[in-house]
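Enquirer: Chain by chain, the residues run as shown.
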Amino acid sequence: MKTVFIDCSPKKRLSASGFIMGLTGLFVFGKKKKEKLRTPADHERIMSELADADNVVFSMPLYVDGVPSHLLPFLKKTEMFCLDKNKDLNVYVIANNGFIEGKQNEPLMRIMENFCDRSGIKWCGGLGIGGGVMMNVMRILLIVFLGIALLRTLLSGVSEGILFPAWPWIIYGKQILEVLALGCGIIVFDIWLAICINSKKEYGKHYTRIMLPSFIFILCADIFFTIISVFQGGIFRGWFSRKKPT
Amino acid sequence: MRVLIHDRDITISDPEKEKYDRVIYADGRYAPCQGCFKCWTKTPATCVLKDSLQEMCRIIGLADELVIVTENWYGGYSPAVKNILDRSIGISTPMSTYRGRQMHHTLRYGGCSTVRIYVTGDVSDKEKETWKLLVERNALNWGASGHEVIFSDLPDDMEGTDL
Chain V
1 MKTVFIDCSP
11 KKRLSASGFI
21 MGLTGLFVFG
31 KKKKEKLRTP
41 ADHERIMSEL
51 ADADNVVFSM
61 PLYVDGVPSH
71 LLPFLKKTEM
81 FCLDKNKDLN
91 VYVIANNGFI
101 EGKQNEPLMR
111 IMENFCDRSG
121 IKWCGGLGIG
131 GGVMMNVMRI
141 LLIVFLGIAL
151 LRTLLSGVSE
161 GILFPAWPWI
171 IYGKQILEVL
181 ALGCGIIVFD
191 IWLAICINSK
201 KEYGKHYTRI
211 MLPSFIFILC
221 ADIFFTIISV
231 FQGGIFRGWF
241 SRKKPT
Chain R
1 MRVLIHDRDI
11 TISDPEKEKY
21 DRVIYADGRY
31 APCQGCFKCW
41 TKTPATCVLK
51 DSLQEMCRII
61 GLADELVIVT
71 ENWYGGYSPA
81 VKNILDRSIG
91 ISTPMSTYRG
101 RQMHHTLRYG
111 GCSTVRIYVT
121 GDVSDKEKET
131 WKLLVERNAL
141 NWGASGHEVI
151 FSDLPDDMEG
161 TDL
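Chains as they are written, first to last, in our numbering: chain V, 1 to 246; chain R, 1 to 163.
Derived from the structure by calculation, the hints contain no laboratory data. Do not take every clue at face value.
Stated by the list, open to error - The following residues of chain R were derived to be distant from chain V, with all beta-carbon distances above 10 Å:
{"#": "1", "residue": "Tyr-25"}
{"#": "2", "residue": "Thr-46"}
{"#": "3", "residue": "Asp-86"}
{"#": "4", "residue": "Thr-114"}
{"#": "5", "residue": "Glu-129"}
Said to hold, decoys possible - Okay, derived cross-link-like pairs now, DSS-like style, lysine-lysine, Cα gap no bigger than 25 Å in a straight line:
{"#": "6", "chain 1": "R", "residue 1": "Lys-17", "chain 2": "V", "residue 2": "Lys-244"}
{"#": "7", "chain 1": "V", "residue 1": "Lys-103", "chain 2": "V", "residue 2": "Lys-2"}
{"#": "8", "chain 1": "R", "residue 1": "Lys-126", "chain 2": "V", "residue 2": "Lys-87"}
{"#": "9", "chain 1": "R", "residue 1": "Lys-126", "chain 2": "V", "residue 2": "Lys-122"}
{"#": "10", "chain 1": "V", "residue 1": "Lys-2", "chain 2": "V", "residue 2": "Lys-243"}
{"#": "11", "chain 1": "R", "residue 1": "Lys-17", "chain 2": "V", "residue 2": "Lys-103"}
{"#": "12", "chain 1": "V", "residue 1": "Lys-77", "chain 2": "V", "residue 2": "Lys-103"}
{"#": "13", "chain 1": "V", "residue 1": "Lys-12", "chain 2": "V", "residue 2": "Lys-77"}
{"#": "14", "chain 1": "V", "residue 1": "Lys-174", "chain 2": "V", "residue 2": "Lys-122"}
{"#": "15", "chain 1": "V", "residue 1": "Lys-174", "chain 2": "V", "residue 2": "Lys-76"}
{"#": "16", "chain 1": "R", "residue 1": "Lys-19", "chain 2": "V", "residue 2": "Lys-243"}
{"#": "17", "chain 1": "R", "residue 1": "Lys-17", "chain 2": "V", "residue 2": "Lys-11"}
C-beta atoms are modelled at their ideal positions from N, C-alpha and C, and glycine is treated no differently.
Take these sequences, add in the hints, and give me the full structure.
Expert: The structure is reproduced here in structure tokens:
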């Protein structure tokens with residue numbers, strides 16, 4: 001059994017879609033091929049991988065309530081290819097949006113289902129995630145926290161003469177648990193999706209989210225964007241102003 | 001301001017053009033969104049990609065009435081039209097709020113009054129249902145008080161067609 005995973009995020013690196021797709025891939029058995037779809041130059045390479053694939057997993061961000069525009073020409077090529085070759089293919093989708101509600105991915109899921117109908121391939125369902133970007137930020141933070149734990153261990157060794165103090169690692173363990181708690185819905189639904197891929201079963205449509213009350217998520221998102229806007233300078237360049245076309 | 005976005009490779013008649021303050025032909029000769037959010041965080045309401053869509057969010061944001069003519073692609077916009085919409089998230093700000101009991105971004109220009117979408121080409125019943133949901137969601141995101149989706153094979157010459 002061969003499964004092709006396609007990260008459809010236009011970001012070059014550190015995409016939330018790629019991260020969540022990778023998480024799913026951990027639990028999928030058989031031959032796996034991970035691909036990145038950013039430009040038309042990627043099309044032929046991915047199409048050749050699809051030729052002998054049993055399953056394909058599209059992982060993508062939600063853009064303006066639908067699939068990102070750069071993915072559409074690839075879907076059209078895939079439709080032509082599948083109709084021409086009478087290809088059997090199971091299609092699974094992971095959609096991630098920046099809002100907290102996973103349900104906001106519903107139009108994207110329907111578009112992908114319509115793509116399968118037109119291509120004569122099997123729509124096996126998808127997982128819609130709300131606030132998945134937070135998992136992405138948290139995994140980067142976990143690497144930073146790991147560095148802090150190592151630094152604390154080193155400093156403790158120098159100042160107190162203890163070779164391996166427990167406390168920095170207890171703190172780090174708690175931080176890992178917090179991330180797992182926030183992402184437990186995503187992880188559980190991800191594993192469930194992988195089980196369905198392994199058995200080539202229909203997954204249906206499921207929606208989950210980061211496990212935070214929405215008002216706290218909104219507060220975190222606002223703080224995040226404010227900090228980024230201060231560093232990138234946007235806050236000083238008419239952050240909220242009604243700019244007219246020049 | 002009335003804005004028309006269309007993906008039809010035709011010449012629109014002068015009387016038709018006069019109905020609109022801006023007519024935008026989605027010819028696809030521009031780059032897709034890179035998902036960098038710099039139109040929120042670095043250069044507000046300006047895309048960092050230097051092409052014809054760099055300030056598109058300002059035009060769409062200032063529209064009181066937005067009319068889109070698009071070919072059907074699986075129950076959604078054609079790539080050329082979708083690209084314009086993807087590159088126009090600067091109509092909103094990075095700050096969040098609740099609309100329709102769900103999280104959305106606050107609008108830089110306030111909401112427009114109506115969004116009207118003309119869908120051309122072959123559209124299945126299932127795709128029609130997708131379109132209705134999609135336009136409803138778009139209208140909510142764009143703060144539009146009214147929305148309408150029309151399935152129509154428009155004539156090649158738009159003259160006389162009431163858009």
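Enquirer: Does each hint hold? Answer for all of them.
Expert: Structure-based check of each hint:
no.	hint	verdict
1	Tyr-25	16 Å, holds
2	Thr-46	7 Å, violated
3	Asp-86	5 Å, violated
4	Thr-114	18 Å, holds
5	Glu-129	7 Å, violated
6	R:Lys-17 <-> V:Lys-244	21 Å, holds
7	V:Lys-103 <-> V:Lys-2	29 Å, violated
8	R:Lys-126 <-> V:Lys-87	22 Å, holds
9	R:Lys-126 <-> V:Lys-122	16 Å, holds
10	V:Lys-2 <-> V:Lys-243	50 Å, violated
11	R:Lys-17 <-> V:Lys-103	39 Å, violated
12	V:Lys-77 <-> V:Lys-103	28 Å, violated
13	V:Lys-12 <-> V:Lys-77	23 Å, holds
14	V:Lys-174 <-> V:Lys-122	42 Å, violated
15	V:Lys-174 <-> V:Lys-76	47 Å, violated
16	R:Lys-19 <-> V:Lys-243	24 Å, holds
17	R:Lys-17 <-> V:Lys-11	37 Å, violated
Checked against the numbered hints above, the structure breaks hints 2, 3, 5, 7, 10, 11, 12, 14, 15 and 17 and satisfies the rest.
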